[in-house]
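> Residue numbers (our numbering), protein chains in the order written: chain B, 78 to 517; chain Y, 78 to 517; chain D, 78 to 517.
Hints are supplied without guarantee of correctness; some may be wrong.
One copy or two, either will do: identical chains are not told apart, so a pair holds if it fits within one copy or between any two.
List time: in silico EDC-like cross-link candidates among lysine to aspartate or glutamate, alpha-carbon distance up to 16 Å [unchecked claim]:
#	residue 1	residue 2
1	LYS294	ASP431
2	LYS192	GLU232
3	LYS445	ASP143
4	LYS192	ASP480
5	LYS320	ASP154
6	LYS445	ASP319
7	LYS445	ASP387
8	LYS445	GLU318
9	LYS294	ASP258
10	LYS294	GLU434
These are computed hints drawn from the structure, not numbers from a lab.
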Amino acid sequence: MVSFDTIRSAADAEVDVGIRIYALAARLFPICRSITGDGVRETLHVLAQQIDLTQREVPTGMQVLDWTVPQEWNIRDAYIKNGAGRKVVDFADHNLHVLGYSMAVHRTMPLSELKSHIYTLPEQPDLIPYRTSYYSEQWGFCMAHNALLELEDGEYEVLIDAEKSDGHLTYGEYFHKGQSDRDVLLSAHICHPSLANDNCSGLALLACLARAMRSRKTRYNYRFLFAPGTIGALTWLASNEDKISRIDHGLIVSCVGDGGGPNYKRSRRGNAVIDQAMQYVLGLEGRRGTIQDFSPYGYDERQYCSPGFDLPVGLFQRSAFGTFPQYHTSADNLDFISPENLASSYRMIMEVIDVLEMNWTPVNLFPKGEPQLGRRGLYSALGGDKAAGETAMGYLWVLNLADGNHSLLDIAQRSGMSFRDIARAAKLLLANGLLAEAES
Amino acid sequence: MVSFDTIRSAADAEVDVGIRIYALAARLFPICRSITGDGVRETLHVLAQQIDLTQREVPTGMQVLDWTVPQEWNIRDAYIKNGAGRKVVDFADHNLHVLGYSMAVHRTMPLSELKSHIYTLPEQPDLIPYRTSYYSEQWGFCMAHNALLELEDGEYEVLIDAEKSDGHLTYGEYFHKGQSDRDVLLSAHICHPSLANDNCSGLALLACLARAMRSRKTRYNYRFLFAPGTIGALTWLASNEDKISRIDHGLIVSCVGDGGGPNYKRSRRGNAVIDQAMQYVLGLEGRRGTIQDFSPYGYDERQYCSPGFDLPVGLFQRSAFGTFPQYHTSADNLDFISPENLASSYRMIMEVIDVLEMNWTPVNLFPKGEPQLGRRGLYSALGGDKAAGETAMGYLWVLNLADGNHSLLDIAQRSGMSFRDIARAAKLLLANGLLAEAES
Amino acid sequence: MVSFDTIRSAADAEVDVGIRIYALAARLFPICRSITGDGVRETLHVLAQQIDLTQREVPTGMQVLDWTVPQEWNIRDAYIKNGAGRKVVDFADHNLHVLGYSMAVHRTMPLSELKSHIYTLPEQPDLIPYRTSYYSEQWGFCMAHNALLELEDGEYEVLIDAEKSDGHLTYGEYFHKGQSDRDVLLSAHICHPSLANDNCSGLALLACLARAMRSRKTRYNYRFLFAPGTIGALTWLASNEDKISRIDHGLIVSCVGDGGGPNYKRSRRGNAVIDQAMQYVLGLEGRRGTIQDFSPYGYDERQYCSPGFDLPVGLFQRSAFGTFPQYHTSADNLDFISPENLASSYRMIMEVIDVLEMNWTPVNLFPKGEPQLGRRGLYSALGGDKAAGETAMGYLWVLNLADGNHSLLDIAQRSGMSFRDIARAAKLLLANGLLAEAES
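Pulled out of the complex, with its shape left as it was, chain B reads as follows:
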């Protein structure tokens, strides 16, 4: 029986972890990230204060699958000055003001010409949009539509002091060693600038999760990836083809700090173990989780689930990308995420890890008829009456389906019982010599 004190301290611990994730996300928020450059390095440096992160770099021009690592982009300053010399747009105020990967520019031009380089959101006129142009040569600014309307005709001085030059693409990896040689992949994109939910939340959550895993003995290895979207995932895949066949389960983590969802998008396979596990965790009482079928648009599951890899990798989010009004705007700030939501996202991912760790495929060593449970004291091991009935049903379901073709998740799904009850029953049966683990 869990005491009230235990519950309280668990709740406290959870709030604590939420506060720690939030604080880390807040620390990451102001950094100007892109798919390459010093912002990524600074972000990894901050994360490395949590966990013993390995920073990896690959050079500009390197071929990664069908792509080429682009030049590195760094920016020092950017503004638009009006005729009176006042900065009407200033990169120092918000790093969303500059089009990601913008070319350098320093010119004076009339407002009419300048306007073709300015991006706004007329329907959300107070917000700055987030825009990038990684692979075509452009320069540009992003600003609130209302601020644009206030600009008077005349000449403006435009400066973007940015540089694209041969350099590196940078990403971080953390590897938690388990007992087996099978891997779980957990990945968050690191390429977005000051957007709190998308994806300071995911980066901070995974860093804190990795930290928590250090004290835990696991069956699986856990590989944490903090890499720029698309090109980062492709780089990792191209550089690690020998490790890919070791990945049994994977999860992309993004937008985990707001109060929406939870949402899970299945892997391309559709009924992979990670899909079953997520369906179980998101289906627990009180969670109104949504499960979506795979589609090839989204985050880096696009790469992991491409047909040449077809890895069992799904996407976990709170509000789904593109569906919330703050998405890819300056409103995706630190007010939009909260310690409570980060904590509950953390808990759900941790529960999925628990399920993956506890899932195995039993083989009934006494498959003819039911073995006599009473003689082995299995019924008396039960405690209270109601729980006794559940555990007894757990025994019967596990024994009946333990033909080597059903994992505990399969048994939970078929029986309609909770995974936890099934796993508990299986553990007791294993301990009593009634089950063996199927060879995989």
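Dock chains Y and D against the given chain B, drawing on the hints supplied.
Chains Y and D in isolation, oriented as in the chain B frame:
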């Protein structure tokens, strides 16, 4: 065309069989049965007056799969006497009064101590519960809760004149020989004392059914088992491993005398022929049958459907066990069952047997295009107009799906036509040389 | 962008084709067809004015599968004259007046005897029914029930100047050669007399479609069959067993001139490509198409889908046969069909052909990760904004599912996108060297 007289005499025959089953169940009701002992022998003796039953015995201590045949239990007398020498509980009044397999006891003790050995149903205070303790050493009484409340403090004399000793486990078998070497298993548990629905009803029904089969030429062999729950089924399985692969279909029969249901629980395989046949019979017009998926809790289907056997055995009941308030109480008496309900249960099981007997897998001998049915007089063989259309559709469906991969039940299922119409069409096509039977 | 003028001329072309089909159906309507005889020859002669039709004949007595080609039936005249010498029924008025394949007769008889040879529709008392007796020897007349009621008692002269004699069964074939050696079968029954929807409509539509195919380069060969129901299809199948394995898709076309439906009945296989294609075309916006599962009753799909052939052949209709009150009566006349309905049926079948022609199974040549589409200018190839998003999703879905196991129809089905968008995306990807066609 069936005449009114035929219908009437069929209805009469049905009421007759209901009355005969009821009378037999009533004859079995007072006997004090358990999983072993003279009550089982007396029950088999009564059944043997209907059919040429083989009584089998295996000795205490025999290993049957993971279990051991227990000592034989017999009881002569039991009571609780109050200080005035009056019997306040008397085994002679109702055999549910004694905990099944109770140890012997003869002592005097205060009410306070006695109470820990008394089982009641506080929420059904006028009923005696049915309780057993086969495999752990206890003694006890069962009584109405209201009667317990009336007992005054003081000393009570407690007697259970029972005996556990090396002996035998007893069960009965009846084998109806058919033309093939394939078997149908029909089984009812014989271990419950004075409970009318659970399972005097099943025992009596199967005995009358076996009697009726004597005059019938069948394709299948029919094996009727009257055996104690769990240990009896395990004993039969352990003793007949060579016969198990001959079982094509099986049915556990229990609680068939009340007005609920009908209920059918599928075999573990889920779409075995017995499952299809039961679904057909319970889906006939006017029956509000319920079909449930397999679960590993229930009667002896638990043993037959264990993963090492995985036999196609389902469970047929009227009200499902555990769902009716009379279940496992003294209210499961002869008023709870009726000749009408027994007769309709009998009819449904007989119809399932008809379906099993009539089901086969046709192969179209003229598979290219439709064979010319008119030339063979098949359309004129039809009789009335509406029936003609149905039978014509039956011909077409059978011929079209007679590719060796569809049984008549499959064809009925896919066409949405009744099994009877499909079987009739197939029979006529076979007689006209258009079909052959697929080799199994 | 399609201009308004283009749309208008497409609509005009469509009305034009409807008018041409209607005119041809009207030209066929008065001819007295049956399963053999000069009516069939005259019909083929009219159709041959549209397309270079091959007329084939097989002799009476030839064995075709389980059937025998019957004697040829021809009729010159038929009437019923009353005592006053007035023709109360005259074949010259309507060819439905004579039972199809009626024996010859010339006698005088009282009304009471005559009546047993007269067929009417008491519930549609003004309509003449359509009846035949191909394979049993009978003579008879069909007439309006009200007209029958007006006949006065007395003697009537009955003449049917018809002849059954050894001759031929006649059918027509048109073959459009495509680039591959795989065939599409399109078939309409030619055996019904003056019934406009059933099936002057189908004959005329297929003839016009065949004519339109002449100017079209296709992947598939298209075989058009104009053959009497059942015996014609059996004759073709028996005579062309070597060509049957070349049929990848097939469609029976009947009742395509009324305003009902559209209806499609799946092939026996249930998810053949023709079934997917029809489901797509009938599911397009604004069409309230109905898809029915296969059943072995209907038109010649019965023969093509018999288990010995099991060809992927479905049935396309507007109103389904047997469901409309005009079915098999004199009300199935030229007022019941219209150029507009014929045109829209034509369009739907042409669209299905488009889908079959455009469907192929892609293999992603860059299956690891997503290939870089931007670099290849694929995003800029898109035009307008909304279409751009759709095509981008089309690229992603095609690339993701291009593992050699999914045709474009499969991809459209799984993605929920339109086949046209998927096919367009696949074509652009193919042109850019990102896809190859899977070997079949």
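> Within a copy, between copies, both or neither: where do LYS320 and ASP154 come within 16 Å Cα-Cα?
neither (41 Å within a copy, 74 Å between copies)
> How would you label the pair LYS445, ASP319 (within, between, both, or neither) given a Cα cut-off of 16 Å?
between (43 Å within a copy, 14 Å between copies)
> Could you place LYS294 and ASP258 in one of the four classes (within, between, both, neither) given a Cα distance threshold of 16 Å?
This pair counts as within: shortest intra-copy Cα distance 14 Å, inter-copy 57 Å.
> Give the relationship of LYS445 and ASP143 under a CA distance limit of 16 Å: within one copy only, between copies only, both, or neither.
Result: close only across copies, 8 Å inter versus 55 Å intra.
> Since the copies are identical, ignore which copy is meant and state whether LYS192 and ASP480 lie within 16 Å (CA to CA) inside a copy, between copies, both or neither.
neither (69 Å within a copy, 45 Å between copies)
> Please sort LYS445 with GLU318 into within, between, both or neither, judging by C-alpha distance up to 16 Å.
between (45 Å within a copy, 10 Å between copies)
> Under a CA distance limit of 16 Å, which applies to LYS445 and ASP387: within one copy, between copies, both, or neither?
For LYS445 and ASP387, only the inter-copy Cα distance (9 Å) is at most 16 Å; the intra-copy one is 39 Å.
> Measure nothing new, just compare the shortest in-copy and cross-copy C-alpha distances for LYS294 and ASP431 to 16 Å and report within, between, both or neither.
within (12 Å within a copy, 59 Å between copies)
> Check LYS294 against GLU434 for me: Cα-Cα at most 16 Å, and say if that holds within a copy, between copies, both or neither.
within (10 Å within a copy, 58 Å between copies)
> How would you classify LYS192 and GLU232 at a CA-CA limit of 16 Å: within, between, both, or neither?
within (12 Å within a copy, 100 Å between copies)
Hint violations for this structure: numbers 4 and 5, all remaining hints satisfied.
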